[in-house]
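Kindly generate the complete structure, drawing on both the sequences and the hints.
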Amino acid sequence: MAALVGRASIPMAVVFSTSGSYRTVGQEMLNGVLLALEEVADTSAFGFRFEPIIRDPAGETAAYGRECEDILRRGDVRHVVGCYTSSSRKEVIPSIEKFDALLWYPSHYEGFESSGNVIYTGASPNQHIVPLLQYMLRERGNRVYCVGSNYIWAWENNRILREIVQVNGGTVLSEKYVPVGSTDVGSVIRDALSKRPDFIFNTLIGESSYAFYRAYAAAQAPSRSGSGRVPITSCSLSEPELLSIGGAAAAGHIASSVYFQSIDRPQNRTFVTRYRARFGEAKLTSADAEASYVAVILLANAIRACGSSRVDEVRRAVYACRLDAPQGPVWIDPENNHSFLTPALGVSRADGDFDVVWRAEQPMKPDPYLVWFDVNSIGRNRDGASGTDRAGDRVRRLREVPK
Amino acid sequence: MTIPNFRGRRALVLHREDRNQAAIAEQLEKLGLQVRVRWPVAKAPAHEADVMFFDSDLGFDGLFAWTGSPPPLPLIAVLGSEAPGRIEWTLAQEPAAYLWKPVGSTGVFTALSIAFHSFALRETREAQRRRLEVRLEREALVLRAAAVVMTRQGVDADEALRLLRHESMRRRLPLEIVGDLILAGKWLPPASNRKPRRPALVARMSGGRSTG
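Quick mapping for you: the protein sequence lines, in order, are chains A and B.
The numbers in the first sequence follow the numbering used here, run straight up by one, and end at 413.
The numbers in the second sequence follow the numbering used here, run straight up by one, and end at 210.
None of these hints come from the bench; they were simulated from the model.
Even for Gly, the Cβ is constructed at its ideal location relative to N, Cα and C.
One or more hints might be untrue.
Now the in silico label distances, taken between C-beta atoms and shown as ranges [claimed, not checked]: (1) D110(A) <-> F58(B): 27 to 37 Å; (2) K28(B) <-> A292(A): 54 to 64 Å; (3) A20(B) <-> G85(A): 18 to 28 Å; (4) K28(B) <-> D110(A): 27 to 37 Å; (5) G30(B) <-> A330(A): 53 to 63 Å; (6) E15(B) <-> D194(A): 20 to 30 Å; (7) T122(B) <-> R320(A): 47 to 57 Å.
Next up, the structure:
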C-alpha cells in the first residue's frame, strides 16, 4: 500500500469515439468513466485518484491503434479503458500486449476472444443473443428477418441466430447488410414487411439503426403502433438511442441487455441520480455507460486491494473483487477475463425507457466461445422448465454459483 | 528439401491499409518477391500473381475472380478474428497457409514456404486422384461391357474380357472405346464355343483372382 499513500495519482488512458458515426455510444461510455473517476477521487478510502488521458479516435479504426500506442509509449500508463467495435479492440490489443498493459473493454460483443491483457465488462454472446432468442422463439415464433451493419458484429450474431433458428425448425427469411453509417434502409424495410416475419433481428449500429427504426414506423399503417407491430429485436439498443430514434417509432421493440435504466435496485437508483446530476437531468443511463463505470470501479477496487497499479498484481486482485453494480453483482471470471453479468430483456417505450419483461435469477457465467452452450437446449423448454434445470447442465450450474 | 527461395515470384496482397498490410509487403520485398497491394478489391484474378495473401476479417464472396475449388494458386489467409463465421468463410477459400495478425517480422517466410509446399502437394494429389478417377470409370465401363458379352454370348467373365482385349488390340483402340461400342450396341464379339465355367464376374469385380 505504501506506494499509494498520500492520494497518489494513477494515469489512465481513456479511448472512446465521441465523434464519428457511433458517437452517441462513445459519449455514454466516456460519461460512465468520468462518473467513476470522480467517485474514486471523492472517496478517501481509495487513497488515490486516476489521472485520465482522454483521446477521441472519431470512429476511425486505425486511429485507436495510433492513440493507444502513443500513450503507452510514455511508459507510465498501464491501464486503458476504451473501444466499442471489435475492430477497434483488435486494433489496440497488439500494443496492449506489447507493453503488457491492461485494456478495460466495456462493451457487449460477439465473443470468440480472450486475451490475458483485456478485462471484458460487457456481455458475452451467451449473455445477450442466446437469452433473446430463447425468449423470442418461445413467445413470438421462428420466422426471422435479419438486418445488420456490414461488419463482424452482425455477421457473427446472425450466424449464431441461424444455427439456433434452424435447429428449432425455423426459417431465416433474409439476411440483409447495410454499410456502416448508411441510412439507406428503405428497400430493406419494404422487403422485411413483405416477408411477414415473426420478428426482425437488428444488428445495425448507430445512425443506420436509428434510421431503420424511424423508417419502419413510418412504413406501417397508422393503426399498427406499439404492440401491433412485428417487433424489432436487438442486442445493443439502449436508452439514449431510443431518444435518438425519437417518439413512437422507438416504442414496442425488444432489447437484450445486462443493464436497463429501469432496473429497480438501490444501487441503480443512486447511479441514475448521480449520472443525471453530473451530465444533465434529461440524460439517460445505458448498458454502455454502466459497463464503463463498472470497469473503472473494478480497477479502482483491485488497485486498492493489492496496493499497486502493476498489471500482474491488479489482474490477480480483480479476480477476487465482487462489485455490487447498478445492474446487480458483477465479478470477473478468471478463466476468460469476461464478466459474470445478469441478462435481461426489455420492451422499449417512447419515453426512452425499457419495461423489463424477463431477467435471469442470478449472474450468468460468461461463455465467450459458447463452449458450454448447447444449441439443442433452446426452444425445447416450452413446458416452462428452464434450461439450467436439465441434468446435463448440473456441472455448469455449479460453476455459476456466486463466490 | 532445398531451402525455399521465392525470388521473382509475384505476390498480391488483398488487405486493407494498416500495419499488417505494411508488415506483409515489407517482408515479401525482403524475400525478393514482386509485391502488389490492393484494397478495396473484388474479383482478384489468379493470373496476376503466383501467391495471394487475403484478409480473412473483411473477406467476402466475390473477392476472387474464380469460383469453385480448389483455388488455382496458393492462398495465404491473414487472420485476426476467431469468430466461427469468419473461420468458416476462410476455410471455404481453401487457403494453403495461414498468417496471424498482428503480423510482425516473423511468419511471412514460413507462411510462404507452407503455402507453396502444400499447394504443390495438393496439386500432385489432385492429379493423382483425377488419374485414379478416370481409371475407375474406365474399368467400370469395361466391366459393364464384359457383362453384356457374357449374357449375349454365354461366356464367362474371363472369356468376355479376353474377347474385349483381343478386339482392342486388333483395332488398335483403347479398351474402353471397345467397351463403349458394345454398350452402344454397335459391336459384339462373335459367339465363342467355350462353355461358361462359373459365374466369375462377381468374384472378379470384388477383387477375387481368376483360378484360370
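Structure-based check of all given hints:
no.: 1; hint: D110(A) <-> F58(B): 27 to 37 Å; in the structure: holds, 35 Å
no.: 2; hint: K28(B) <-> A292(A): 54 to 64 Å; in the structure: holds, 58 Å
no.: 3; hint: A20(B) <-> G85(A): 18 to 28 Å; in the structure: holds, 25 Å
no.: 4; hint: K28(B) <-> D110(A): 27 to 37 Å; in the structure: holds, 28 Å
no.: 5; hint: G30(B) <-> A330(A): 53 to 63 Å; in the structure: holds, 54 Å
no.: 6; hint: E15(B) <-> D194(A): 20 to 30 Å; in the structure: holds, 26 Å
no.: 7; hint: T122(B) <-> R320(A): 47 to 57 Å; in the structure: holds, 54 Å
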